[in-house]
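Since each chain sits alone in its own frame, please combine them into the complex, following the hints.
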Amino acid sequence: MAQIKLSNLRHSYMPAPKGPEDYALKEIDVTWRDGGAYALLGPSGCGKSTLLNIISGLLTPSEGRILFDDQDVTALPPDQRNIAQVFQFPVIYDTMTVGENLAFPLKNRGVDAATIKRRVDEIAEMLDVTDMLGTKASGLSPDNKQKISMGRGLVRDDVNAVMFDEPLTVIDPHLKWKLRSKLKELHQRVQATMIYVTHDQTEALTFADEVVVMQDGEVVQIGTPVELFERPQHTFVGHFIGSPGMNVLPCEAKGDRAIFEGHEVMLEGPTHGDGGRTDLGIRPEYVGFGETGIPAQVTKVSDIGRHFVVSAMVGNTPLKAVVEHNAPNPGSHVFLKFKPEHSRVYRDGWIVTEERTQ
Amino acid sequence: MRTENQKAWFFVLPVLALVAFNALVPMMTVVNYSVQETFGNNQFFWEGLGWFEQILRSDRFQAALGRQFLFTFLILLIEVPLGIIVALSMPRKGFWVPVCLVLMALPMLIPWNVVGSMWNIFTLPKIGLLGYFLNDVLGINYDMTQQPLSAWITVVVMDVWHWTSLVVLLCYAGLVSIPDAYYQAAKIDGASPWSVFRYIQLPKMKTVLTIAILLRFMDSFNIYTEPFVLTGGGPGNSTTLLSIDLVKIALGQFDLGPAAAMSLIYFAITLLVSWLFYTLMTKDDAE
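First to last, the sequence lines map onto chains A and B.
Heads up: the first sequence runs through residues 1 to 358, numbered per the numbering used here.
Heads up: the second sequence runs through residues 1 to 287, numbered per the numbering used here.
Hint data in this document are derived by calculation from the structure and do not stem from the laboratory.
Treat the hints loosely; a few may be bogus.
[Said to hold, decoys possible] With a Cα cut of at most 25 Å, we get these calculated DMTMM-like pairs of lysine to aspartate or glutamate:
#1 B:K187 - A:E100
#2 A:K184 - A:E122
#3 B:K204 - A:D79
#4 B:K187 - A:D22
#5 B:K187 - A:D94
#6 B:K187 - A:D143
#7 A:K136 - B:E4
#8 B:K93 - A:D22
Bound-form chain B, shown alone (with noise of 0.2 Å):
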């Protein structure tokens, strides 16, 4: 016989309290928000999913989704390729190993605002080092507060800058988790170097990979503070990311109810491209 115990209720009550008051309870008012209109006075008006018909269907709110898509892409595409090649040819043993991981950790200790003015300051025409040098030394035009396709490419540099640290130090930790034995078979089975690499170096930083892609891809899709604070959304909407757009409609507008509406289609897709990234990358583990 097994006796039943219904005591292990109490000792999860503290930690439902406590997901409850930061979490449970903001994301239902914002649902709360979502479905209601409201004109101040703590007058409510019934809506309906009409804010979420209305997001959806707003041409401003599919270019941002859009833009946002690009953006993301474009950091996955450029941050993890380059991540694994700068891991691969990080020293395994030595003096310089701590000096490079060191170097490595740096961008990511800086606070992202300040990341943002520093390449805010940095890339500006006149006044910034790399601004004068592109268009005063090598003539290049480059203004990122006038030309879309300049602060676009500022963003994704100032990005890759702040983030591909990540991922080296997560492969890193992957590689020099294998064992010197797995290279001097690979020496005597006569493997080429691509073989080391997708053979063996591929599958055991396989692991930490699907991290590092998982929270690149959550916070790229999510970054706000550096590009707002490197060109505020522009010039004009051409680097207005989803979450730039949503501060300016619940903030700038005042717009709670769409506001509130695009906050949870957001999250639905941060979500469900997380879980499709997720199950799609250890798919071949359950076999």
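Just chain A, with the same shape it has in the complex (with noise of 0.2 Å):
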């Protein structure tokens, strides 16, 4: 088990970058305490494998340097850094059985017989397998292929940290869920730092402790799930966590208060800052209706069982509303309310509202 930390991290693949451009991978500086649950959370082709990669050593980044509890590992190859990895497709060793699977990593390193056996039996017993263990691997469903890949990383009790690359995909839904409570609760039991990719949010935020949310190669916020819900550091992060999304209005900011449309919203704080692009930021849950507020016109409402989304237009701008129930008629007038301690302006897509302290 180690603290994980990644200081002043860049990587391309290209053998001369030039501008950032060139850069899957543009300045990260992470650190990641011992014994959490990290996720990775971004669009594919944000550089998040990329970054696996990297921890993993299956990759050398082009700049920086990795850290595994202050020990520089940037040169070490995968097999010294005691790390595990699981992949988005189960690989398992076909001609082995589930068990010979299981002790294959220790094997490679040498470890006597009685102590495979012991951690062998202990694996399969925290992730249900007891009873295949004498089976070839080969027949074995996509699920339990995953959890044996899974078992091959947890089998050495020296792992730094268990890291995994969208691990669910191949996984049929209903199992999905299975797999997953399965995974938090090995975290628990094993006490090791785990990272998790993924592009879906659901995964990442049922997971993590702590969500790292990449775009185009960049960390734009770290937090906790509900951080990343509350308030997103960055319009990106808005979008892209919740569903639907926040609604990115474009508005004039004027102090404590934005313009948008011809109308006057509150902010959550005054912003700081000029130029640019301004947006106004509110997600659909603080979007409420009203006798006064801002004029708008539904389009659309769409029932998804817990709640209605309502699609409206203000002036020439679409944006989405969630409510419980009491939902408005298509076609119909009505008036929104922005919640202020919710409404931010953001500029450039970074947030410049000042955090209301009460």
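Next up, the structure:
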């Protein structure tokens, strides 16, 4: 187990990168606490798998250092970093039995037979695969295969971190949920640092204590699921997390107010800086209806079971609102109310309103 | 209730007719010859299993069969491991991939009798490049037209040159289908290069390797053209493989009865050994 520190990490797949656009990873500086559960969240191609491969040692970064508990491991090969990685597609050794698969990493390190047996039995019990130990691994279902590849990582008791690279991609939906809770349970039992890469916000938010949101090779925000939802630091985070995502509405900023389509909107606090493109960001959950407020016309109402998603037009700007009940009819004219404590202004994507402190 | 419908048989008929004309009828003709004696004039005399007995008991057949098995054994022993090694050392991506693939495919594109002539001219002691080099530059006494051992080495090397590519290409196809994640997982698991080969590459190559071994067995067991053109079965009878001997009996001596019996025995052996190979190599999958 170890604390993982990424220091000024940059990576380019090109031999001679010139501008920042040549970098798959731009300046990453993160510290991950020992024993924490972290998620790397971002759309495909944002650099999260690159980052994962750098941590596991499959890739050497162009610049920067990786430290495990203050030990520089940047130059170490994967097998000496004591990390475990679970891949998108389950990797199992077809010709071996489940038990031999689990024992493989220990055998390669010359561990004695008795210890191997003890560890394999322990892990098998943890993963509920004890009754499969003697069967050939090639015939297993994808979710069991994925469990075995996970087990191969956990079987070593000296693992610094376990990394997951979109491990649920090939798993059937109804088993995804089961495997995810198994993961969570394992994390509580083995207390290893776990890093989980995904583009699925539900997976990230349910698994991790802290989520790292990435876009275009940059870390946009690091925070707990609640922080990411309540106070996105960037319009990308607001839009990427939540369903539907945060409304991003072009506006003008004036002190602690924003002018949106000619209407004045109270903000959580005063804005700072000037110039650039300004947007008003508010989550659909915090847009309500009232007797007075910003006039809008409802264009569509979707009933998604637990609540309604109302699409409306304010002037020429579309936005969405989420209400539990009493959804207005499509075509009707309504008045919208934005909750001030959740209304923020973003300049060129980044938040510029000051947090309200009461 | 299930409705029974016999119409499907009509769709099978054309295939049946085709197979009958290109395989069954010729084959039955051979069977017909194998149990009769003829002196021409379309006169036939019943011979029973006499020809089969005569062939199986003859020293000539046994010697040819022995040479045939030795030849096939050597071919498999050399071409399969060599093919795997070459496939493993070929690049998986980049500029050199197509270059390597074309180089590998080249020997297989050359017509068989051309291969035989090429190697004949190449290895002739005085005028061939190799023959001259071995004899007059390195001072090795080499003459495949006179020495049985030289002839054997030449025939085997020629076949290795001609057909190892098939094993290489099939194995290579198996290798490139292995996702990168397998190699990465193996790295993380601390697997040695041998373990990577034994537990990842070899199992993934197994299917194509089975096909490669089967093809190489059948082709080398039935080989005719190349050794015939290269050595003509000589010197003496030293490189007279089964097929060469068969042609000598059938077309040289015009002993149709014994030749037919020998063909059937030859066919049965090929079939039996192929079946054995296949059953043994796919045994694990059935479990």
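Taking the hints in turn, this is what the structure says about them:
no.: 1; hint: B:K187 - A:E100; result: holds (17 Å)
no.: 2; hint: A:K184 - A:E122; result: holds (17 Å)
no.: 3; hint: B:K204 - A:D79; result: holds (23 Å)
no.: 4; hint: B:K187 - A:D22; result: violated (28 Å)
no.: 5; hint: B:K187 - A:D94; result: holds (17 Å)
no.: 6; hint: B:K187 - A:D143; result: holds (23 Å)
no.: 7; hint: A:K136 - B:E4; result: violated (42 Å)
no.: 8; hint: B:K93 - A:D22; result: holds (22 Å)
In summary, the structure is inconsistent with hints 4 and 7 from the numbered list given earlier, while agreeing with the others.
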